[in-house]
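Undergrad: Residue numbers (the UniProt record's numbering), protein chains in the order written: chain A, 1 to 95; chain B, 1 to 239; chain C, 1 to 334.
Misleading hints may appear alongside valid ones.
Unchecked claim - In silico lysine-lysine, DSSO-like type, Cα no more than 30 Å apart, as pairs:
#1 C:125 x C:291
#2 A:93 x A:78
#3 C:125 x C:234
#4 B:123 x C:291
#5 B:120 x C:175
#6 C:234 x C:324
Stated by the list, open to error - Chain B is nowhere near these chain A residues, computed Cβ spacing over 10 Å in every case:
#7 18
#8 27
#9 38
#10 42
#11 60
#12 81
#13 86
Keep in mind that the hints were calculated from the coordinates and are not lab data.
Computed from a predicted structure; not experimentally measured.
For glycine and all other residues, C-beta sits at the position ideal for the given N, C-alpha and C.
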Amino acid sequence: MTNTDWPLWEVFVRSRRGLSHTHAGSLHAPDAEFALRNARDLYTRRGEGVSIWVVPAAAITASSPDEKDPFFEPAADKPYRHPTFYEIPEGVKHL
Amino acid sequence: MTATVPMTAALALGDDALVLSHRLGEWAGHAPVLEEEVALANIALDLLGQARVLLSMVGDEDDLAYLREERAFRNLQLVEQPNGDFAHTIARQLYFSTYQHLLYSELAASGGPFAPLAAKAVKEVAYHRDHAEQWTLRLGDGTDESHERMRRACQALWKFTGEPFQPVEGLDAGFSGLETAWLESVGDVLRRATLTLPEGARTGAWSAGAGRQGLHTEPFGRMLAEMQHLHRSHPGAAW
Amino acid sequence: MTTAAAHRTDPAGAYGEDTAGTAEFERAFDAAVAADERIEPRDWMPDAYRATLVRQIAQHAHSEIIGMQPEANWITRAPSLRRKAILMAKVQDEAGHGLYLYSAAETLGTGRDELLDKLHSGRQKYSSIFNYPTLTWADVGAIGWLVDGAAITNQVPLCRCSYGPYARAMVRICKEESFHQRQGYELLLALSNGTPEQHAMAQDAVDRWWWPSLMMFGPPDDESQHSAQSMAWKIKRRSNDELRQRFVDICVPQAESLGLTLPDPDLRWDEERGHYEFGAIDWTEFWEVLKGNGPCNEERITQRRRAHDEGAWVREAGAAYAVKHTGGTGGARA
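So that you can see chain A by itself, here it is in the shape it has in the complex:
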């Protein structure tokens, strides 16, 4: 039955202007045009979105959970990237 097995697409929805596209779920469609339309019907039928991306699931390269430590731990010890790292004297504004 492989000839009827439509490929899988991942759907990303921008819920309103000013926000990023967020992963909403997946669906099956024969091609990108239909994936987009199916996504519109399925994931925004209550007006949840203003823009949609569809991506063939097979085209996604994911970081492996194995690499979690090398990938993400270095970021955890760089608190100086976060604004709360810095002490600012009381009363200084617009910083």
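Put chains B and C on the given structure of chain A with help from the hints.
TA: Chains B and C only, in chain A's frame:
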């Protein structure tokens, strides 16, 4: 408001939407793929919403939907045709939504009594038209089987495609211009779908008329019987 | 990073031989579950956890799409245009919920085609409640109030299920389903307050749907074969009997407001326990319906199979067109 709305035109447009919505609703639980369950239901819901606005312009929506006899319905014969296979449903969608989109675009710009409804509905209908065109391309240019089914469906419904362009009392639209645009658009879609415009008459030979005159095809009576039975079994009841 | 080891892929059986490695992963997995962390698709997980999830999510997805049938049965006869719109939107939601759930199941490595195949061949089940017929319009209301009510009672705890994609699907579903139960209740209320015939129709529907709804929570805790392990894995978060009791406690006052009677002469408030006592459930009926002897088992699966088979040429056409025009750009999940 009611006084300025032409009754015949409101019923024609409202009944088209009501009846096609009903037919699409029959697909629930039977669609070829789950994604299409959702898509067909969306279209059916859009149409039902339009029907409710239109019927409410000239009366009580439920009285009009449930208590009129078959002869009082003014919808096109095209929209009452049974679903058939998916190709028949798509051909019906292609023919009707192309017509409805062209008509509503004109009504939206007209400033007449239907302009507000048409301005809102035209966006919905643009999507229905796109859905029908996308499927026509895929069925026409898909497999040998789908091509043949789509060809047969377009042919079978061809004889109902003249009626939409008959003038309707109170509907201020340039029907001959609409017809030219419709033929061009449908012809283009079919060509891209590796199909050709069907041949043969586009209206019936019965001089008494068709759906707009309250003359329907036989399956329509059964459809109404099903639709109206419960409501009519409890006269005056609220639901 | 106490649970970091749980978040690892298991490259197709690479750890099969390495029992020490597997044990380490298992400990880490257990710790992650215990810490209420979510397990995500590419994390290592015990085979039995994966299999249990696939079974449960698939059964849930199947229930959504089979569950469309008894309600779709009334779309063409809905007695007002408002009710017709509501019912169409509800049945559409069920298709959508089926899709969310199949998506969640697919993250575990089982394709939708395979799951549908198992449904069609009877190797996977759906909720037995949908093997009962919808005989009158009031049944649409009873399904909304009781069946969706029971489903929501079951599903709310699943929003905190240990498996991320399932939990996320449930959050979306629960949010969308809030209108399903309310419309059912409102529908029954209109009937109950309507003509004597309408009132009788509503009472008859409640009489027929009450007991099967209680069975939806599954067999009593001491007879439920999957419950204990599922609770430990936090796939399931409340026991069958606990959820059933909660449902009864919610329904009794709601039935009073409806002006309808629940068909259980043993129903009474137990001051001491702070719960309603209810009569014995006919588990013979439950097991019989589950085995296939319900009033509509045959019809439901036949219709589902027919829709799928008759749609095959459409799906083939879509696939063929994609190959011709785009070379087919989609694919299985990375």
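Undergrad: A separate judgement is required for each hint: does it hold in the structure or not?
TA: Going through the hints against the structure:
1. C:125 x C:291: holds (10 Å)
2. A:93 x A:78: Holds, at roughly 25 Å.
3. C:125 x C:234: holds (22 Å)
4. B:123 x C:291: violated (49 Å)
5. B:120 x C:175: At roughly 28 Å apart (the allowed maximum being 30 Å), residue 175 (chain C) and residue 120 (chain B) satisfy the hint.
6. C:234 x C:324: Answer violated: residue 234 (chain C) to residue 324 (chain C) is near 46 Å, above 30 Å.
7. 18: Check passes; 23 Å lies beyond 10 Å.
8. 27: At roughly 6 Å from the nearest Cβ of chain B, residue 27 (chain A) sits no farther out than 10 Å, so the non-interface label is violated.
9. 38: Answer for residue 38 (chain A): violated, closest chain B Cβ roughly 4 Å.
10. 42: violated (5 Å)
11. 60: Given that every Cβ of chain B is farther than 10 Å from that of residue 60 (chain A), nearest at about 20 Å, it holds.
12. 81: holds (42 Å)
13. 86: Its Cβ never comes within 10 Å of chain B, the nearest being 50 Å, so this holds.
The structure does not agree with the numbered hints 4, 6, 8, 9 and 10 stated previously, though it agrees with the rest.
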